[in-house]
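Engineer: Residues per chain are reported as follows:
There are 2 protein chains.
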Amino acid sequence: MKIEIWSDVACPWCYIGKRRFETALAAFPHRDSVEVQWRSYQLDPTLPEHYDGTELDYLSTRKGMAPAQVSQMFEHVAAQAKGEGLNYRFDAVVVANSFTAHRLIHLAAAHGQQDAAKERLLSDHFEHGQDIGSQDYLTALGLDLGLDADDLAELFSTDAYADDVRHDIAEARALGISGVPFFVIDRKFGLSGAQPAETFSAALEQAWQDSHPLVMVSAAAGSDAGAAGTDSAAGACGPDGCPV
Amino acid sequence: MKIEIWSDVACPWCYIGKRRFETALAAFPHRDSVEVQWRSYQLDPTLPEHYDGTELDYLSTRKGMAPAQVSQMFEHVAAQAKGEGLNYRFDAVVVANSFTAHRLIHLAAAHGQQDAAKERLLSDHFEHGQDIGSQDYLTALGLDLGLDADDLAELFSTDAYADDVRHDIAEARALGISGVPFFVIDRKFGLSGAQPAETFSAALEQAWQDSHPLVMVSAAAGSDAGAAGTDSAAGACGPDGCPV
Numbered sequence: 001m002k003i004e005i006w007s008d009v010a011c012p013w014c015y016i017g018k019r020r021f022e023t024a025l026a027a028f029p030h031r032d033s034v035e036v037q038w039r040s041y042q043l044d045p046t047l048p049e050h051y052d053g054t055e056l057d058y059l060s061t062r063k064g065m066a067p068a069q070v071s072q073m074f075e076h077v078a079a080q081a082k083g084e085g086l087n088y089r090f091d092a093v094v095v096a097n098s099f100t101a102h103r104l105i106h107l108a109a110a111h112g113q114q115d116a117a118k119e120r121l122l123s124d125h126f127e128h129g130q131d132i133g134s135q136d137y138l139t140a141l142g143l144d145l146g147l148d149a150d151d152l153a154e155l156f157s158t159d160a161y162a163d164d165v166r167h168d169i170a171e172a173r174a175l176g177i178s179g180v181p182f183f184v185i186d187r188k189f190g191l192s193g194a195q196p197a198e199t200f201s202a203a204l205e206q207a208w209q210d211s212h213p214l215v216m217v218s219a220a221a222g223s224d225a226g227a228a229g230t231d232s233a234a235g236a237c238g239p240d241g242c243p244v
Numbered sequence: 001m002k003i004e005i006w007s008d009v010a011c012p013w014c015y016i017g018k019r020r021f022e023t024a025l026a027a028f029p030h031r032d033s034v035e036v037q038w039r040s041y042q043l044d045p046t047l048p049e050h051y052d053g054t055e056l057d058y059l060s061t062r063k064g065m066a067p068a069q070v071s072q073m074f075e076h077v078a079a080q081a082k083g084e085g086l087n088y089r090f091d092a093v094v095v096a097n098s099f100t101a102h103r104l105i106h107l108a109a110a111h112g113q114q115d116a117a118k119e120r121l122l123s124d125h126f127e128h129g130q131d132i133g134s135q136d137y138l139t140a141l142g143l144d145l146g147l148d149a150d151d152l153a154e155l156f157s158t159d160a161y162a163d164d165v166r167h168d169i170a171e172a173r174a175l176g177i178s179g180v181p182f183f184v185i186d187r188k189f190g191l192s193g194a195q196p197a198e199t200f201s202a203a204l205e206q207a208w209q210d211s212h213p214l215v216m217v218s219a220a221a222g223s224d225a226g227a228a229g230t231d232s233a234a235g236a237c238g239p240d241g242c243p244v
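First to last, the sequence lines map onto chains A and B.
Okay, so the first sequence: first residue is 1 according to our numbering, each after it adds one.
Okay, so the second sequence: first residue is 1 according to our numbering, each after it adds one.
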């Protein structure tokens, strides 16, 4: 079973959704048969590499929201994050374009470190005030993840993995995704937003049943199945009784 | 190979189905590789702990069946049971809610006695007029099975294993099961009802083949396979003849 998660780094609900999804996955009996792939998405591709201002400034200015309203929103989201064990510090968030961070996630994926990269970027952005647009920070993160220094240098001197990021974004558009996080199971089931873990659990279960339907075995022709009644009602008790 | 059997205690076809399945399993060459797990199901979760009336009263009243029709059904089912060596005594059956009995089955499972618990409950209910809702009876049964007296006391003073019972019932719903007994092999094949032993045998065989497909060996490079022609058509006859 394959689960693709479209998500941005600069997306508070994406980290909360990641935790809730992880809770559901940890409890899913077939978790070892589940492959998770993080897909790139940018909520604001127009952001400059570096933005001089706080997240509150950014949202009030760019989105035309009243500062008080933004503060209230931060409080609400931080409370939700707290519920998942995350310590959001919106006052310390460094506003930055996430495009290069997404390229790093793709480089990490090529070395089996995609989830680790995604996790660190989200945590560092929302909990530790790191500048996810900074080459120094991204290089240090890449080295922490065990990535090759030359590969990291190449990431900043070329546009390596830029096509992969654009491809993910184009696929999101093709699937009709206009917000993140967005979870796609087997390219068949979609879940939008940081749903409760129970919803993810139910979706995992439904998708599993859907891809593994029971093959009904009925009595072979010529057997003495008739003795127990017709095939379809062969000695079974149901809500309406036990037909014979 | 894992076989899960959804079944209720108060389900005449479930005991008959158990015997027929056991007949098939005993004759199955790979029976030592088969794990059987009993899963809880309740045909009538609304039954009171104790019902003052006979099984005939219960079925006529609750299911709106004519007493004569119920009697006739009892006769037919008892005859089928007799064919499997079971001595059903519907006149002595004590109608009771099976929820606590299912909790006991789960407790027994935790001590490797699940099948023994299921067997005794079915036999005591249909052949020996025991009240499967009675704490005294269930305690005595548990002790017979070698369960710990403290564990049994806890079963009645708490709702231990209630979640396991509910989980089984929820899984049945997810699998589309609406009647019991229902046999699921490797979460892939389903059999509804007390099928004839031959049907269970065929299903066991089919599931075994399915989970143990032949590993196709192709000619190694440098072997003399070439003598029989190309690899793809190497000395084989098909629907279109026998290419050389």
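Calculated from the structure, these hints are not laboratory results.
Check before you lean on any hint, since a few could be wrong.
Pairs involving identical chains hold if they fit within one copy or between any two copies, as the list cannot separate such chains.
Below are the SDA-like pairs computed for lysine to any residue, each with C-alpha atoms no more than 25 Å apart in a straight line [as the list claims (entries may be wrong)]: (1) Lys2 <-> Phe28; (2) Lys2 <-> Gly64; (3) Lys2 <-> Gly235; (4) Lys63 <-> Gly235; (5) Lys82 <-> Gly235; (6) Lys188 <-> Gly235; (7) Lys188 <-> Ala27; (8) Lys188 <-> Arg19; (9) Lys63 <-> Arg31; (10) Lys188 <-> Arg62.
Given the structure is predicted, the values throughout are model-derived calculations rather than measurements.
Engineer: With reference to the structure, classify each hint as holding or not holding.
Structural biologist: Now for the hints, and whether the structure bears them out:
no. : hint              : verdict
1   : Lys2 <-> Phe28    : both (14 Å within a copy, 18 Å between copies)
2   : Lys2 <-> Gly64    : neither (39 Å within a copy, 49 Å between copies)
3   : Lys2 <-> Gly235   : between (39 Å within a copy, 23 Å between copies)
4   : Lys63 <-> Gly235  : between (65 Å within a copy, 18 Å between copies)
5   : Lys82 <-> Gly235  : between (53 Å within a copy, 14 Å between copies)
6   : Lys188 <-> Gly235 : between (35 Å within a copy, 21 Å between copies)
7   : Lys188 <-> Ala27  : both (21 Å within a copy, 21 Å between copies)
8   : Lys188 <-> Arg19  : within (22 Å within a copy, 31 Å between copies)
9   : Lys63 <-> Arg31   : neither (39 Å within a copy, 42 Å between copies)
10  : Lys188 <-> Arg62  : neither (35 Å within a copy, 43 Å between copies)
Violated hints, listed in ascending order, are 2, 9, 10; each of the other numbered hints is respected by the structure.
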